[in-house]
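For chain R, the structure is supplied; the task is to place chain S on it using the hints.
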Amino acid sequence: MSESGSAAVALDGVSFRYPGSGAGVHDVTLAIAPGELLACMGPSGCGKTTLLRLVAGFLAPDAGSVALAGVDVTTTPARERACGVVFQSYALFPTMRAWENVAYPLRIRGMEAEERRTRANAMLERVGLSAHADRLPRQLSGGQQQRVALARALVFEPRALLLDEPLSALDAATRLTLRDEIRTLQRDQGIATLLITHDQDEALSLGDRVAVMRDGRLVQVGVPAALYDDPADAFVAGFVGRANLFDATVTGPEMLDTPFGRLVSRPLGRRAGSRVTMLLRPERVGVDGVAGAPFEANALDVDVLRDAFHGASRRLIVRPAGSNDTLDVQTAYRGVVRRVRIAPDALHPLPEAGDAAPSPRAGVSSASASVRPFLRKEIP
Amino acid sequence: MLARWITRGYLAYLALPIVLLVVGSLGSLWLNTLLPTGLTIRWYAEVAADPSFRRAFVSSLVVAAATASGCVLIGLPLAWSVYRSSAPRVRALVRLLTQLPVALPALVLAFGFVLVFSSDTLPWLGSRGLLIAGHLIVCLPYFVHTVLADMRRLGLDTLEDAAESLGAHRGQRFAFVVLPAVRHSVFAGLIVVVALSIGEFQFSNLVAGFLNRTYPIVLLQAFYGATGFACAATVILLAVALAASGLGAFAARGAGPRAAAVPGA
Numbered sequence: 003m004s005e006s007g008s009a010a011v012a013l014d015g016v017s018f019r020y021p022g023s024g025a026g027v028h029d030v031t032l033a034i035a036p037g038e039l040l041a042c043m044g045p046s047g048c049g050k051t052t053l054l055r056l057v058a059g060f061l062a063p064d065a066g067s068v069a070l071a072g073v074d075v076t077t078t079p080a081r082e083r084a085c086g087v088v089f090q091s092y093a094l095f096p097t098m099r100a101w102e103n104v105a106y107p108l109r110i111r112g113m114e115a116e117e118r119r120t121r122a123n124a125m126l127e128r129v130g131l132s133a134h135a136d137r138l139p140r141q142l143s144g145g146q147q148q149r150v151a152l153a154r155a156l157v158f159e160p161r162a163l164l165l166d167e168p169l170s171a172l173d174a175a176t177r178l179t180l181r182d183e184i185r186t187l188q189r190d191q192g193i194a195t196l197l198i199t200h201d202q203d204e205a206l207s208l209g210d211r212v213a214v215m216r217d218g219r220l221v222q223v224g225v226p227a228a229l230y231d232d233p234a235d236a237f238v239a240g241f242v243g244r245a246n247l248f249d250a251t252v253t254g255p256e257m258l259d260t261p262f263g264r265l266v267s268r269p270l271g272r273r274a275g276s277r278v279t280m281l282l283r284p285e286r287v288g289v290d291g292v293a294g295a296p297f298e299a300n301a302l303d304v305d306v307l308r309d310a311f312h313g314a315s316r317r318l319i320v321r322p323a324g325s326n327d328t329l330d331v332q333t334a335y336r337g338v339v340r341r342v343r344i345a346p347d348a349l350h351p352l353p354e355a356g357d358a359a360p361s362p363r364a365g366v367s368s369a370s371a372s373v374r375p376f377l378r379k380e381i382p
Numbered sequence: 017m018l019a020r021w022i023t024r025g026y027l028a029y030l031a032l033p034i035v036l037l038v039v040g041s042l043g044s045l046w047l048n049t050l051l052p053t054g055l056t057i058r059w060y061a062e063v064a065a066d067p068s069f070r071r072a073f074v075s076s077l078v079v080a081a082a083t084a085s086g087c088v089l090i091g092l093p094l095a096w097s098v099y100r101s102s103a104p105r106v107r108a109l110v111r112l113l114t115q116l117p118v119a120l121p122a123l124v125l126a127f128g129f130v131l132v133f134s135s136d137t138l139p140w141l142g143s144r145g146l147l148i149a150g151h152l153i154v155c156l157p158y159f160v161h162t163v164l165a166d167m168r169r170l171g172l173d174t175l176e177d178a179a180e181s182l183g184a185h186r187g188q189r190f191a192f193v194v195l196p197a198v199r200h201s202v203f204a205g206l207i208v209v210v211a212l213s214i215g216e217f218q219f220s221n222l223v224a225g226f227l228n229r230t231y232p233i234v235l236l237q238a239f240y241g242a243t244g245f246a247c248a249a250t251v252i253l254l255a256v257a258l259a260a261s262g263l264g265a266f267a268a269r270g271a272g273p274r275a276a277a278v279p280g281a
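Those protein sequences? They're chains R and S, same order as listed. Counting from 3, one number per residue, gives the positions in the first sequence under this note's numbering. Counting from 17, one number per residue, gives the positions in the second sequence under this note's numbering.
Keep in mind the hints are simulated off the structure, nothing from the lab. Glycine included, every Cβ here is placed at the ideal spot set by N, Cα and C. Treat the hints with caution; some may be incorrect.
[Claimed, not checked] Taking beta-carbon pairs under 10 Å as the criterion, some of the chain S residues facing chain R (in silico):
{"id": "1", "residue": "Glu62"}
{"id": "2", "residue": "Ser102"}
{"id": "3", "residue": "Pro104"}
{"id": "4", "residue": "Gly171"}
{"id": "5", "residue": "Thr174"}
{"id": "6", "residue": "Leu175"}
{"id": "7", "residue": "Glu176"}
{"id": "8", "residue": "Asp177"}
{"id": "9", "residue": "Ala178"}
{"id": "10", "residue": "Ala179"}
{"id": "11", "residue": "Leu182"}
{"id": "12", "residue": "Ala184"}
{"id": "13", "residue": "His185"}
{"id": "14", "residue": "Gln188"}
{"id": "15", "residue": "Phe192"}
{"id": "16", "residue": "Val193"}
Next comes chain R alone, as it looks inside the complex (with noise of 0.2 Å):
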């Protein structure tokens, strides 16, 4: 609790568990401070927005405390949080034209009717929607209508700003251009916000901090490059960027034994013998267009299974020779792909389990013998 004076938003040991279902997030301790973006983000059903709908209070936790701005709210309801909030559905209501939603807090606290218009034209401005002011929310395009519940949420002077994978229901394109806005907005008005996103760009790129999650629990926070470079355990790294993630064995104090032969890496500090779980980001590979090239440290000649094109980079998926585990690459290079070389330092172990404070049971020790490649994220 020392710690939520200073912070706008705190949770504190929360755990919540919807009635019937083992499904809800467990002790939860977490706190983004005056004006800082936290991106949570986490596969499907792992209780993001349920984090999210106990900032908000529409939801009481079963255990552990909520505090907005220093200020115990646990038990306060939603409507005297003071947060705004915005939805993946915008949520604006259909009978109310985009300036009489963005003034309905204000007119909730009873606010003069002049007033309250003058300060929705402002808030509507902000967000570049001055001009759509009089339609009604069916008469606008998903982007702008996002548009309208962000100036919505923002325009009572919200203690924080609760975003609910606000950019998920709009188009790639939309989307990116939305993204931006809603940081420099998020900036401008110093508001300290919770970002729930289950794309991994997003949380990267928009947060201050990243938190992820993983069946109801934090896995990790920590800044973006952080997570990216150093993640806490195996589903951290798939989750957040693709990963070649594999198992080893030390044999030397910068040797390892991998299913693609002998490597060299950079000091490890382990003992030999001891195994440990490596991580190679695809585009730390390296790739060369000739092969059986005279022996060479930490290059090997490479079957290419798939090859797609991205525009700005190629994803290739490749084999080691006398391997039966394949490579993630990811590269630029344009030729005809013979050999990769892997640099001592691209490659990085994973921490031990139990070095991984916020969640040893995700530990690496359960990480199976091969490669297991985790491609279930899109480069975009």
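Using the frame of chain R, we list chain S on its own:
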């Protein structure tokens, strides 16, 4: 091609009795011929002048209006609480209770009413209040279903969550969010209720008192008299029913296309 002819045949089959009713109501004599002879509006004038028909017409309108009001007062909060209830058991129970009258013939309900309300403790059989209560039971499920379906389509729970986060208490949410959002389906539901109530025969025939008989019951008596008179009386009932469904179609069109409501994740 075949489908089109089947459709035409079916439409003709539907329309024929109605056309014959209209023809019959305007013919002065219709005994043993295929079509009546002579043209007259005498039968309409007679129906309009008949005191028992006038009384029944008014009685039907009063009962229908009262049933409609009852549906809004009881059905709207009921639909709202069913929609908002998260407990599966509550939902199942209410679903059963509201669907029972649909499955159960109104006749069974009427027998129940006759048994219970002819007793000395509850001697209300034949009163207009009891008639309205029965109509309410018959009509309520249709109303609740219409409104409930609309609430689900609109994603009303998310709208309410939004309103709540913006500071609205329960009453404000109902007045500013729920009511405006479902107004079209409430109207459409009421049209169905009025049409059902005006045409209801099974229940009313057994439960209505002599002085507050509804139109369909008096109509049955008409068929023991002149054909033209019976036809005219039926056409009047038909016109009221058609007006009701016409209004319903109009209301449904007024609902129009709305913003797609994506169910909350």
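Cross-check of the supplied hints:
1. Glu62: Given a least distance of 48 Å, the restraint on glutamate 62 of chain S is violated.
2. Ser102: Nearest chain R Cβ about 7 Å off; hint holds.
3. Pro104: holds (7 Å)
4. Gly171: holds (6 Å)
5. Thr174: holds (5 Å)
6. Leu175: holds (5 Å)
7. Glu176: holds (9 Å)
8. Asp177: Given a least distance of 6 Å, the restraint on aspartate 177 of chain S holds.
9. Ala178: holds (4 Å)
10. Ala179: holds (7 Å)
11. Leu182: holds (4 Å)
12. Ala184: Holds: closest Cβ of chain R sits about 5 Å from alanine 184 of chain S, inside 10 Å.
13. His185: Holds: closest Cβ of chain R sits about 6 Å from histidine 185 of chain S, inside 10 Å.
14. Gln188: holds (6 Å)
15. Phe192: holds (7 Å)
16. Val193: Because about 6 Å separates valine 193 of chain S from the closest Cβ in chain R, which is inside the 10 Å limit, the hint holds.
Hint compliance for this structure: hint 1 alone is broken.
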